[in-house]
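Student: Listed below, chain by chain, are the residues.
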Amino acid sequence: MRPIPILFAAFAVAWIAPAAAALNVFATVPEWGALAKELGGENVTVYTATNALQDPHHVEARPSLIARARGADLVVATGAELEVGWLPLVLQQAGNPKVQPGKPGNFEAAAFVPMLGKPTRLDRAEGDVHPAGDPHIQTDPRNIARVAAPLAARLAELDPANAAAYQARYKQFAERWNAALAKWERQAAPLRGAAVVVQHKAFTYLIAWLGMREVAALEPKPGLEPTASHLASVLETLQRQPAKMVLRAAYQGDRASQWVAERAKINAVALPFTVGGDEEAKDLFSLFDDTIQRLLKGVA
Amino acid sequence: MSRFIRMPSALALALLLPPHAWAASDADLDEIRAQIRELKSSYEARIQALEQRLKDAEAKAATPIAVAPAPSSSPASSISAFNPAVSVVLQGRYANLSQDPASFAIHGFAPGGEVGPGRRGFSLGESELVLNANVDDRFAGNLIVSLSPENTVSVEEAYGIFIGAPFGLVPKFGRFFSGIGYLNEQHQHVWDFVDAPLAYQAFLGGQYANDGVQLKWVAPLDHFFELGAEAGSGDNFPGGPRNRNGIGSGAVYVHTGGDIGTSHSWRAGLSYLRTRDPERNEEAGRLSIADFVWKWAPSGNARQTSFKVQGEYFTNTVSYAAGQSGWYVQGVYQFMPAWRVGARYDRLSPGSGDFSSSFNPERRTAMIDWTPSEFSRVRLQFAQSKTLPDVTDNQWFVQYVLSLGAHGAHKY
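Line order of the protein sequences matches chains A and B.
Just so we're aligned, residue 0 is where the first sequence starts under numbering that gives the first Met the number 0, counting upward by one.
Just so we're aligned, residue 0 is where the second sequence starts under numbering that gives the first Met the number 0, counting upward by one.
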C-alpha cells in the first residue's frame, strides 16, 4: 500500500472513531455528571463543568466550557435559572446545534421534579430569586430518582445502539437507589422536626424530605452576603425559636455560620451539597450517606 | 417534538422494570410511575396550550387592527408570552477633572469616535435597552439601543445569530462589536474601569463596532480554539463613511484558552483589522492586537476572592502611521465578597509619524468598587492622565451601574 491511502485512512479513523465511541455528556453540576456516569457507564464520557466548591450561580463562561460544549452530544443542566448566568452564552458560542435548548441534546432536570420554594413575590428586591422555584433540587434523593428515569430515556434516545444497556443500568441503579433511600430515611428518623438555620436557601428540598424545619436564613435575601444587622436579628429569632444547627453548603464561606453557631451555642454543619463536596461524598450514594451522618452529628 | 419522543420512552423504561425487583419499595415505584404519568399529561396539556396560543397569536396577527380592541378573557398573556427578554442598564457619574475635557487630545494620534474623559461634574452615562430572543429554530436576535445623556438614540448593536449552523460555525450578521482584542466585545457597563484603555481610544475610537457579517469557528477539540473573520462597511474609525460597493473593513482573529487546574483559567488571542480610507480609497489602518486575560479564584469559586489580570498590545503598521503602538495592563482583585480594587497602566507610542518629541502618552489608574448584588455596582476611580506633553490631568470619578430586568449572561 502506498503511504497516502494509509495516512488518509488513519485520519478518517481518527476523525470518525471518537464520534462513534462514547456519548459525550456535558454536565453543568457534579450531581448530574455523577448520575450520567451511573446510567451511562462506559457508553458515556462525562465532563462536569463545575465542582462542588464552586457557587453554581456564579460560574463564568470560560473558554474551556465553550470547547467542551462544542463536542457535547448531550448537555445535562439543572435548569430553573440555576445556570442562567453562563450556560446560554456557552451554548451560543459553542456552535453546536445538537445541544441548543429544545433539542434532544439539551436536558433540564428541573422539568421532571415538583418545584418547591416558588417566590410569592417576583421582585429583585427579594434578592436573587428564581421564578421557577428553588433550583437546588439535588438535595432530595427522591428527586435524583425522578431525574434518573427521563435521563436514561434520553441517553437511549440519543444513542439507540446502546439503549438496552442504558435501560439495564437504569434498572440496576433504581434498585440500589430505592434500597439506599429506605436506609437513609430510617437513619434520618431522629432528624424529623429538627429546627435548622440555613446560610443560603439551598436546602429547601432536603429539609422537606427529612421533615426538618427552617427557622431562619443567614443571607438577608437569597444570594446576598450576610450582614451584621441581619445576623443579629437571626440571633434574636433563635432566642425565641431555638434551632439545632446552622447548615451551609461546602462552597460557602464559613464565617457567618461560625459566628452565629458560637453565639447561639449550636452546631455549624457543612454539608457536601453535591458530589465532591467533601472527602466522603465520592458519588451519589456516598453523598447522601455523608449528608445524613453530618446532620445526625449536628443534632446530637 | 423531542418531548413527544422522550415521554413514551421514559414511560417504557419505568414500566419495563419487573415488580419483584422493587420488593422493598413498591410504593416508591408507584409514586414514580404516577409522577411520570402526571408529567406526560401535563406536558401534553402544556403543548396543547402552546399550540392554541400560537393559533391565537397567528389569528390576531392576521386580522386587521380593530377600531377599539374588544376585551377578551386573557389576550394579554397569550400575546406577551413571546416577548423577548428585556433588560435595562442605567449609568451615571460624577467627574472631577483638573483639565478641561474640551482640550483633550492624545499626542501623536488623531482618533475619532468617543474619546476623552467625558464631561465634568454630574452627568448621565449611556442608558442601554437590551432585547433578545430566539427568532425561530434557526435564528436568535439581539438589539441593544443606547440612549445618550444628550437625548440621542443610537443602535449600539443589532444582530442576528444563525444558531442552527453545523460544523461548529457561529455566523452573526448586522451591527455588532467586533471580536478583535479582548475588551472590544464587552459592553461598557461590564468594564472594570470607568473609561476605555488609552490604546482603545487611540486606535479604535473607544470600541470598534461594524455593520457586516462575522463568522466564528470553534475547533472540535477539548482545548478551546476559535477562529473568526469579519467583513463590514468600515464606516467607523479607523475607517470612515463610504459610498461604494464591496467591503470597507475586514478582520481576522484567533482565540485560545483553557483551565489550569480548577483555580486558574486564561484566554489569549491575536487579531488583525484592516480598514480603508473612503476618500482616497487607500488603506487607513492595518492594526494588529495581541491580548491575554488570566483569572484566578480559589477552587474556581469567585464568590469570596478572585483575581484577574489582562493586557493588550496594539500596533498599526499602515505606512503613514508606521510604528504607532500602545498597550495597557490591568489587574482587579476581589479581596472580599462584593468589594474589588483594581489598577491599570496605559502607554502609547506615536511611532515614526511623530518627529517633534519623544513624548509617550501614559496614564495610571486605580479604582475600588462595591457590587452588593449581581445587578448593581458603585465605583470610585482616580486616574493621572498624561496624554499631552507637560499636561497632567488628575481625574476623579464616582460611577454607578444598575442592571434591571432579565438576568443577562456575561462574556468571559
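Derived by calculation from the structure, the hints in this document are not laboratory data.
You may find that some hints are simply not true.
Said to hold, decoys possible - Derived CB-CB ranges, DEER-like:
#1 P118(A) <-> A109(B): 26 to 32 angstroms
#2 I78(B) <-> P118(A): 22 to 28 angstroms
#3 P297(B) <-> P118(A): 29 to 35 angstroms
As the list claims (entries may be wrong) - When the alpha-carbon atoms are kept at most 27 angstroms apart in a straight line, the in silico BS3-like pairs for lysine-lysine are as follows:
#4 K97(A) <-> K171(B)
#5 K220(A) <-> K39(B)
#6 K410(B) <-> K307(B)
#7 K307(B) <-> K385(B)
#8 K281(A) <-> K170(A)
#9 K171(B) <-> K410(B)
#10 K182(A) <-> K102(A)
#11 K39(B) <-> K102(A)
#12 K39(B) <-> K170(A)
#13 K36(A) <-> K307(B)
#14 K296(A) <-> K264(A)
#15 K170(A) <-> K36(A)
#16 K182(A) <-> K170(A)
#17 K102(A) <-> K36(A)
#18 K171(B) <-> K117(A)
#19 K39(B) <-> K97(A)
#20 K307(B) <-> K97(A)
#21 K182(A) <-> K296(A)
#22 K296(A) <-> K36(A)
#23 K307(B) <-> K102(A)
#24 K36(A) <-> K182(A)
#25 K264(A) <-> K281(A)
#26 K97(A) <-> K36(A)
#27 K117(A) <-> K36(A)
#28 K385(B) <-> K102(A)
#29 K220(A) <-> K170(A)
#30 K97(A) <-> K182(A)
To be verified - Which stretches of chain A does chain B cover? Using the computed rule of at least three CB atoms under 8 angstroms from a CB of chain B, they are:
#31 67-73
#32 119-128
#33 227-240
In this text the structure is predicted, and so the values were computed from the model without any measurement.
Where a beta carbon is used, it is the ideal one built from N, C-alpha and C, also for glycine.
Student: Check the structure against each numbered hint from earlier and tell me which ones fail, lowest number first.
Tutor: 1, 5, 10, 13, 18, 20, 22, 23, 25, 27, 28, 29, 30 and 33
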